[in-house]
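Protein chains in written order, with the numbering used here: chain A, 77 to 480; chain B, 23 to 262.
The reader is advised that the hints may include incorrect statements.
[As the list claims (entries may be wrong)] Distance windows between CB atoms, simulated:
{"id": "1", "chain 1": "A", "residue 1": "G82", "chain 2": "B", "residue 2": "P238", "range": "42 to 50 Å"}
{"id": "2", "chain 1": "A", "residue 1": "I390", "chain 2": "B", "residue 2": "T46", "range": "38 to 46 Å"}
{"id": "3", "chain 1": "B", "residue 1": "A143", "chain 2": "A", "residue 2": "I459", "range": "24 to 32 Å"}
{"id": "4", "chain 1": "A", "residue 1": "A88", "chain 2": "B", "residue 2": "A255", "range": "45 to 53 Å"}
{"id": "5", "chain 1": "A", "residue 1": "A93", "chain 2": "B", "residue 2": "A47", "range": "50 to 58 Å"}
It is worth saying that the hints were derived from the structure and are not from the lab. Glycine included, C-beta positions come from ideal geometry on N, C-alpha and C.
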Amino acid sequence: MISLAGRDILHAWGKFAFTGVGLGLLVGVTLTMAGVYRGMVDDARVLLDNSGADLWVVQQDTLGPYAESSSLPDDTWRSIRNLHGVARVANVTYLTMQVRTVAPTPPREVRAMVVGISADGVGQPGHPGYLVAGRHITRSHYEAVADIATRFQLGDRVRIRRNVYTVVGLTRRMVSSGGDPMLFVPIKDAQAAQFLKDNDALLRSRGRTAQNPTLNRPGVPGLLEAVLATQTSNSSVNAVLVQVEAGTDAETVAAPIRRWKRFTVYTRAQMQEILIAKLIATSARQIGMFLVILAAVSAAIVAFIIYTLTMGKIREIAVLKLIGTRNRTIAAMILQQALGLGVIGFVVGKISATVWAPYFPKYVLLEPGDALRGFIAVMLICIVASALAIQAALKVDPAEAIGG
Amino acid sequence: MADLDRQRGIHIEGLRKRYGQGDTAVDALKGVDMTVAPGEVVGLIGPSGSGKSTLLKCLGAVIEPSAGRMTLGGETIYDDGWRIHDLRALRRDKIGFIFQAPYLIPFLDVTDNVALLPMLAGRSNAESRRMALELLQALDVAHRAKAMPSQLSGGEQQRVAIARALVSRPPVILADEPTAPLDSERALAVVRILNRMAQQFATAIIVVTHDEKIIPTFQRIYHIRDGRTHEEAGAGRAFD
Chain A
77 MISLAGRDIL HAWGKFAFTG VGLGLLVGVT LTMAGVYRGM VDDARVLLDN SGADLWVVQQ
137 DTLGPYAESS SLPDDTWRSI RNLHGVARVA NVTYLTMQVR TVAPTPPREV RAMVVGISAD
197 GVGQPGHPGY LVAGRHITRS HYEAVADIAT RFQLGDRVRI RRNVYTVVGL TRRMVSSGGD
257 PMLFVPIKDA QAAQFLKDND ALLRSRGRTA QNPTLNRPGV PGLLEAVLAT QTSNSSVNAV
317 LVQVEAGTDA ETVAAPIRRW KRFTVYTRAQ MQEILIAKLI ATSARQIGMF LVILAAVSAA
377 IVAFIIYTLT MGKIREIAVL KLIGTRNRTI AAMILQQALG LGVIGFVVGK ISATVWAPYF
437 PKYVLLEPGD ALRGFIAVML ICIVASALAI QAALKVDPAE AIGG
Chain B
23 MADLDRQRGI HIEGLRKRYG QGDTAVDALK GVDMTVAPGE VVGLIGPSGS GKSTLLKCLG
83 AVIEPSAGRM TLGGETIYDD GWRIHDLRAL RRDKIGFIFQ APYLIPFLDV TDNVALLPML
143 AGRSNAESRR MALELLQALD VAHRAKAMPS QLSGGEQQRV AIARALVSRP PVILADEPTA
203 PLDSERALAV VRILNRMAQQ FATAIIVVTH DEKIIPTFQR IYHIRDGRTH EEAGAGRAFD
């Protein structure tokens, strides 16, 4: 038996091709949306991987440092370093901000996560794991290492608050959980940038302090200067990253920190849970809603197209039924056409998504598993969508071919 | 057995068809009697609304009569109720249809349009195509075997439709105004072919027509009016 569906598709290939391309673009958008979600999850995973930490020590009862703000004294690391099972510790600060280039001109702005790291701690937790160009930060001030997604070049000069930094190294795939590229600077600079007030605010603050008789006692020389110094400097960090010794269970190190140091400590699994289940949960639901709507739109389009194509063949279907064609043969013809349309749509969609994914500003991760699930979903949608047309075709009265 | 069936043709007794019920009921057929012998082509003529199409649909087993008896190819298919379980197979194997327009399947070439019926009956593609080509040669359209229907002239399309109706060698062919879209010359050519095929394959053919050009060619004519038929001898004018 010849394939009626195949012959019809070959006969009207232009109509099928254009319809398939239209459907394919929708499928491509759907696959890309899934890729955006995968990219967000991967960004979160990469953030944790690249931090090189096994434990995150943060302010008590906070979800810091990525999901909530957290502030710890910057000497906290000393007491943690001495605990049994700890291999390395490092202070770290994170702040997301607009970073502007000052040279070369014209200036360009990039939204980036500025990460404060210890300048002399290559290999410490929090440091970029590898560079693709240049060198690591070696000076305590005014040097920066940038992710290549910032599109900064070696030697570029960038402004963060009042200070200008020289890009001395470039790294890759170091991004925040929101997908913003990272810019590493010495931690002292980052601390200053995080809490620095503007000059007017400093002047007003000094004035208020000087007028306070408790803080400006004539009989206590140096008190006012000491108080002002504490007000204009920052001795806080957002978190302490901890690497445990090989073979040591991270939870056994975390327990005494929680108990005796009164900090909140997250293991890698807990931090991953915070990032994925809490930080990007709303975005994931948003994308999920888009996927549902896109699937419904795709189904409606396939149903409409197959129904229209079938209605255009009512007379032929009546003739086929009159001359003895079984209902299942006619149903199979319509179903095969719907599936054919689905295959064309999926191939076009997969190719489209692969082509345009690199041009998205955020990371889009197209996984083969998602493509397989997408293919199955498209086929199921086509099967469901063809039901209406099949029902209409089976209702066609063979007597219509005779007329009268 | 198939040859024996073909010896018999069409026999109808007291066929009735009522549409609707109660006050709105309409009797489209009020006791039609008709006999068509194998190898014979008879005309069925009548004004619009006289019941021609209803009779054709009853004979074609696409609507169920209300009463009466129908025998096709020696087999009683209706006797105050269907006597055949699979009407679809009955239409496929025992009845050939020719329509006012050819209604060829637009996405199949000429050969496959004709070969589709034996394929549906379970014959192999090769055998079905061989049967189709034989008929296309007999009808002088074999040279268009690979053409698509849209590439054929009206006369060629109607000859392909005739080949499709004949390919399963049915004992009965029902033709619904087969010459309506054709000019006189082509219309007569179609009737000539129907007569030749009826004799060659011992097929009983009923031609429903309004076409004044071809009415004189029938040996016998059934007039249908208000759901009743009466028979008269046709002119039976020779073609050549």
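Here is what the structure says about each hint:
Distance hint check for G82 of chain A and P238 of chain B: the Cβ-Cβ separation is about 47 Å, which falls inside the suggested range of 42 to 50 Å. At roughly 27 Å, the beta-carbon separation of I390 of chain A and T46 of chain B lies outside the given 38 to 46 Å, and the hint is violated. For the hinted restraint 24 to 32 Å between A143 of chain B and I459 of chain A, the CB-CB distance of approximately 29 Å keeps it satisfied. Against the hinted window of 45 to 53 Å, the Cβ-Cβ separation of A88 of chain A and A255 of chain B comes to about 50 Å, which satisfies the hint.
Remark: the range hint 50 to 58 Å for A93 of chain A to A47 of chain B is upheld by a beta-carbon distance near 52 Å.
Against the hints set out earlier in the document, a violation occurs for number 2 only.
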